[in-house]
Amino acid sequence: MNFNIVTCSTVSCLGRNFSELEEKLRLEEPPVALTRDHPWRERLQSPVGLIDFSSIESSLSAGPLTRIQQLAALLVDDLLGQVGGKQYFHGKRVAVVVGTTTAGIETWFEKFARDADDHAKQNPSHWFDVHEQQGQFSDFILGRLNHGGISITVSTACSSSNAAIIQAAKLLELGEVDVCIAGGLDIITPLTLFGFNALQLLDKNLCQPLTPERNGINLSEGGAFFVLEPANGGLDSQTQTGRHRPLAKLLGFGQSTDTYHMTMPRPDGAPMLRCMQQALDAAGWQAQDLDYINAHGTGTLANDISEWQALSQLLETDPSQTITNNATLGTVRVESSKSLHGHALAGAGALELAVSLIRLRQIQKKRGASERKSLKAISNSFGFGGHNATIAFAIDYDEKAAVNSGIKNFGNKAAGPYSMWYFASNYGPDDLKTSQHDLWRRLSWSSKGLMQAVADFEVENGIQLKELAREGKLEIYHLSLYGEMEAAVLTARGIVNTAIPVSPASFQQSVANSPIAYLSQKIGFNGSYITWTAKPDSSQLALHCGLNSLRQGTADAVLIVTTSEYHCPAYNKANADALCFSEVTLLHRGNYLKMSPSRFSVETSHITINTKRGASTDRTDQVRVIRPLLPCDLWTRKKKDSMLRLTGEIGPYAEVITHLQHHDIHHLYETGCDRWLPHRGSMLLVDRIIRANDRGSGLVSVRLKPDAKYFDQKSGIFLNHWLVEMMAQGCGTLSKQLGIHTGNVTGDPSQKIGFLISIDSYELLDGANLKPGDCLTIVGHQTVATPPVVKYESQVLFDGQIIAKATFKLFSPEEADG
Amino acid sequence: MSLTKTNLESELRSLIIHAANLTQMDPNDINPTAPLLKGGLGLDSIDLLELIVSLEQKYGLKLRNDDAGRQALSSLDALTAFTWNHLNGDGTEGSAATTSERPEVHHQSSP
Numbered sequence: 001m002n003f004n005i006v007t008c009s010t011v012s013c014l015g016r017n018f019s020e021l022e023e024k025l026r027l028e029e030p031p032v033a034l035t036r037d038h039p040w041r042e043r044l045q046s047p048v049g050l051i052d053f054s055s056i057e058s059s060l061s062a063g064p065l066t067r068i069q070q071l072a073a074l075l076v077d078d079l080l081g082q083v084g085g086k087q088y089f090h091g092k093r094v095a096v097v098v099g100t101t102t103a104g105i106e107t108w109f110e111k112f113a114r115d116a117d118d119h120a121k122q123n124p125s126h127w128f129d130v131h132e133q134q135g136q137f138s139d140f141i142l143g144r145l146n147h148g149g150i151s152i153t154v155s156t157a158c159s160s161s162n163a164a165i166i167q168a169a170k171l172l173e174l175g176e177v178d179v180c181i182a183g184g185l186d187i188i189t190p191l192t193l194f195g196f197n198a199l200q201l202l203d204k205n206l207c208q209p210l211t212p213e214r215n216g217i218n219l220s221e222g223g224a225f226f227v228l229e230p231a232n233g234g235l236d237s238q239t240q241t242g243r244h245r246p247l248a249k250l251l252g253f254g255q256s257t258d259t260y261h262m263t264m265p266r267p268d269g270a271p272m273l274r275c276m277q278q279a280l281d282a283a284g285w286q287a288q289d290l291d292y293i294n295a296h297g298t299g300t301l302a303n304d305i306s307e308w309q310a311l312s313q314l315l316e317t318d319p320s321q322t323i324t325n326n327a328t329l330g331t332v333r334v335e336s337s338k339s340l341h342g343h344a345l346a347g348a349g350a351l352e353l354a355v356s357l358i359r360l361r362q363i364q365k366k367r368g369a370s371e372r373k374s375l376k377a378i379s380n381s382f383g384f385g386g387h388n389a390t391i392a393f394a395i396d397y398d399e400k401a402a403v404n405s406g407i408k409n410f411g412n413k414a415a416g417p418y419s420m421w422y423f424a425s426n427y428g429p430d431d432l433k434t435s436q437h438d439l440w441r442r443l444s445w446s447s448k449g450l451m452q453a454v455a456d457f458e459v460e461n462g463i464q465l466k467e468l469a470r471e472g473k474l475e476i477y478h479l480s481l482y483g484e485m486e487a488a489v490l491t492a493r494g495i496v497n498t499a500i501p502v503s504p505a506s507f508q509q510s511v512a513n514s515p516i517a518y519l520s521q522k523i524g525f526n527g528s529y530i531t532w533t534a535k536p537d538s539s540q541l542a543l544h545c546g547l548n549s550l551r552q553g554t555a556d557a558v559l560i561v562t563t564s565e566y567h568c569p570a571y572n573k574a575n576a577d578a579l580c581f582s583e584v585t586l587l588h589r590g591n592y593l594k595m596s597p598s599r600f601s602v603e604t605s606h607i608t609i610n611t612k613r614g615a616s617t618d619r620t621d622q623v624r625v626i627r628p629l630l631p632c633d634l635w636t637r638k639k640k641d642s643m644l645r646l647t648g649e650i651g652p653y654a655e656v657i658t659h660l661q662h663h664d665i666h667h668l669y670e671t672g673c674d675r676w677l678p679h680r681g682s683m684l685l686v687d688r689i690i691r692a693n694d695r696g697s698g699l700v701s702v703r704l705k706p707d708a709k710y711f712d713q714k715s716g717i718f719l720n721h722w723l724v725e726m727m728a729q730g731c732g733t734l735s736k737q738l739g740i741h742t743g744n745v746t747g748d749p750s751q752k753i754g755f756l757i758s759i760d761s762y763e764l765l766d767g768a769n770l771k772p773g774d775c776l777t778i779v780g781h782q783t784v785a786t787p788p789v790v791k792y793e794s795q796v797l798f799d800g801q802i803i804a805k806a807t808f809k810l811f812s813p814e815e816a817d818g
Numbered sequence: 819m820s821l822t823k824t825n826l827e828s829e830l831r832s833l834i835i836h837a838a839n840l841t842q843m844d845p846n847d848i849n850p851t852a853p854l855l856k857g858g859l860g861l862d863s864i865d866l867l868e869l870i871v872s873l874e875q876k877y878g879l880k881l882r883n884d885d886a887g888r889q890a891l892s893s894l895d896a897l898t899a900f901t902w903n904h905l906n907g908d909g910t911e912g913s914a915a916t917t918s919e920r921p922e923v924h925h926q927s928s929p
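From first to last, the protein sequence lines are chains A and B.
Residues in the first sequence are numbered from 1 upward in steps of one, following my numbering.
Residues in the second sequence are numbered from 819 upward in steps of one, following my numbering.
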């Protein structure tokens, strides 16, 4: 691999752009930008690295932005300035791949703190606005570019930046996109600050990473974004922006998983060593070729000793040599720059890549112009969940050397066909309590759901993931829909209420990658996983990337797991009224696993993935697809017997994948059902699509409004017969949104007539005493489509239970067009 | 009314059960002389952290990563004695953290 790091924008406590950072680092004794004078100083002594916002706010003209959005806007605008404006991206396929752990959690926390005593509002989902979802972070950046494209938010705790840069490199390597904005950013929030404090990880004094005196971390905020492009494209070929050299080359990466402990690294540092070695192999370098290593070097007792062990082995130096920051191991300078700028969490990897580029320039200058040659470096980032990521890069890289540099991250293309195994489940608390083991009692809803779904998946399909992890090249994509909200709430309680201790166990689980970290421990998976905070298109995109990994031969099998909490309105009552939704999908090369599916029907369908513009590069593969129709089996919380098992026909997947890359369907989920229905005002009964698939099935949400027609205005009693219309509107929405998948949306879909033709059956199962403010979920399952008539099976869920179900026919002209 | 040593032990039993989320277990079933860790109650590193923050919150007790801290968390009896001494101010509680040893009580991380 060989990518240009075209430009860099960075912000941290050391400065608000690359040249400010360079200026500070050029000093003989660079300033330590960590301060005890922070807003939380009365409760917490540890120094913090804060960004000076006073000059940033005034420079941004856009409307009200959250703190992290302000920083992201600053970085994007800086990049745009360097490449000559937005037109740089015109006509290019763009991906934004960025890491964060905090995103909008800051405003979420403010609302939580405000309502902390209000028990009616103790539902984790209560404070959740769209912009606070981590998945929205990359969308915000893409929006700032005013450009469509792939947008991925990576959240693997403190390795997020490096993981995002690696993900971007993979997309470029596969020819999926022409240019990437990659990097990471985090801000300081009370949640992270007090969470780390509860884990006993903060140094009360200035941190001293990679020294015997080290005693913990200083946290900070910041990060960096980079424009990445294939070496043969980019600025070099852009006549309008001139022929200037890229900042550096990205030449390799490595990723590994500890399978040891949620927060403690494996003491011998072996997975860290493997990670660094992979990156070197990919770049075709020997460790001794390196000029500089930017260590993760947090300053904790455990990280630094593990990393030092790994570094000593990598560089074949004496591991008993005293740990020293700015050491020369062999001929390589090893540094943890966190002593200057603190630990910027998900922004750390990106910030430290910026620091590393400056360091390489300094080393070059010191050696003198006569010795001008390519300088090589790696930078480490290790995160909670035992997630390790190393990137390899160089300045003034000799292209001739690159040709002969051997090993690539991607091997030879592997032949199809590929198979897919699928499992989905929803679990309520009763299901989750049935298993008891040491880890179980600590797990969050989504982790438990994932464990259970995986266990069921294994039983149903006769697959042992443990064997797969041990024997084959397994790759894992983990999609977290809302992040770990329950764990965040449990952590936040102790922060806003000083009578309750801040729970370290909850905090360590609040990182989005905690479910997959537990799973990797359970199945002994030490390879490469990534956590995306998902948006509606994420599972299809993961499927797409997974298929490409199989095709490229970088994996024998790809596991895609989605797991998320769903909090019922009554969450606070028993502290247990939550559901979790988990999906497990396994892709593998057809001849790799020999299993007989027992559960779902098997069909062969063609998959066409448009990877390059122009029909000539379209590929068709045979894919065995095994999955139920609706991407979820809904298990009710209390009534296991009334479990819905929805199965049906199998459709072509790839059409969806291709279309998703060309249509931005996010607005569909944000603007709600009014986009799809002609109903307005009090006649519009449904709010928003929660999930939808490419076959017109999915979930729609409804929040009951006090002045709506379904409440008897005299008695205030809910009139149950309105549930039928509600189901019809929900299914109508699901049916119409299908147009976006098939590309048939023309004009304003809400102007097109659609109506209920007949009700074939209706059953009221539970006389729920519904009140204004209650949230209902409508399940719509399209059974027959003979355009313009479509048939639906539908259910209304309240508080995890089915309260009504019906089957009916709809007239839906959107499908008639198709 | 001041806390008796028996009441303190009873409080600590509940605190341990709560901190370690051992909801299925009766606090009275904790063997006071058995180790809290492996071979006894079987608490793990995160349980201990939960217990440490709870103890600090409830009794202002700061357990450090040193011999005294490890000794205090060796059994319920030891923890009761340690907390009792702390509350009655005989000043024998743990000293400042040492950095030369690998942690056993506190866990550390590479976030």
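Keep in mind the hints are simulated off the structure, nothing from the lab.
Since this is a predicted model, take the numbers as computed values, not measurements.
Virtual Cβ for every residue (Gly too), placed ideally from N, Cα, C.
Among the clues, some could well be false.
[Stated by the list, open to error] Simulated DEER-style distance windows between Cβ atoms: (1) B:H836 to A:Q713: 32 to 40 Å; (2) B:K856 to A:K86: 53 to 61 Å; (3) A:D318 to B:Q889: 51 to 59 Å; (4) A:R114 to B:G857: 43 to 51 Å; (5) A:H721 to B:S828: 52 to 60 Å; (6) A:E471 to B:K823: 42 to 50 Å; (7) A:F53 to B:K856: 33 to 41 Å; (8) B:Q889 to A:Q464: 40 to 48 Å; (9) A:W40 to B:K856: 33 to 41 Å; (10) B:G857 to A:K705: 39 to 47 Å; (11) A:D117 to B:Q889: 49 to 57 Å; (12) A:K705 to B:A852: 27 to 35 Å; (13) A:N769 to B:D884: 52 to 60 Å; (14) A:P31 to B:D884: 32 to 40 Å.
[Claimed, not checked] Computed list of lysine-lysine pairs in DSS-like fashion (alpha-carbon distance at most 30 Å, straight line): (15) A:K204 to B:K880; (16) B:K856 to A:K522; (17) B:K823 to A:K111; (18) A:K714 to A:K805; (19) A:K365 to A:K24.
Do the alpha carbons of K714 of chain A and K805 of chain A lie within 30 Å of each other, as the hint requires?
holds, 27 Å
Go ahead and decide if the range 42 to 50 Å is satisfied by the Cβ distance of E471 of chain A to K823 of chain B.
violated, 57 Å
Take a look at whether the Cβ-Cβ distance between G857 of chain B and K705 of chain A falls inside 39 to 47 Å.
violated, 59 Å
30 Å limit on alpha-carbon distance, applied to hinted pair K823 of chain B and K111 of chain A:
Outside the cut-off at roughly 42 Å; violated.
Keeping to a limit of 30 Å between CA atoms, is the pair of K856 of chain B and K522 of chain A held or broken?
holds, 20 Å
Distance restraint evaluation - D318 of chain A, Q889 of chain B, Cβ atoms, bounds 51 to 59 Å:
At 35 Å between Cβs, range violated.
Check the hint pairing K365 of chain A with K24 of chain A against an upper bound of 30 Å on the C-alpha distance.
Answer holds: K365 of chain A to K24 of chain A is near 16 Å, not above 30 Å.
With respect to the beta-carbon atoms only, verify the hint that H836 of chain B and Q713 of chain A lie 32 to 40 Å apart.
This hint is violated: roughly 48 Å between Cβ atoms.
Just to be sure I understand the hint, the distance between the Cβ atoms of P31 of chain A and D884 of chain B should be within 32 to 40 Å; is that true here?
Distance hint for P31 of chain A, D884 of chain B holds at roughly 34 Å.
In this structure, is the beta-carbon distance linking D117 of chain A and Q889 of chain B contained in 49 to 57 Å?
violated, 40 Å
Using the Cβ atoms, figure out if H721 of chain A sits within 52 to 60 Å of S828 of chain B.
Cβ of H721 of chain A to Cβ of S828 of chain B: about 57 Å, so the range 52 to 60 Å holds.
Mind checking the hinted window 43 to 51 Å against the Cβ distance between R114 of chain A and G857 of chain B?
holds, 47 Å
In the structure shown, a violation is registered for the earlier hints numbered 1, 3, 6, 7, 10, 11, 12 and 17, in ascending order.
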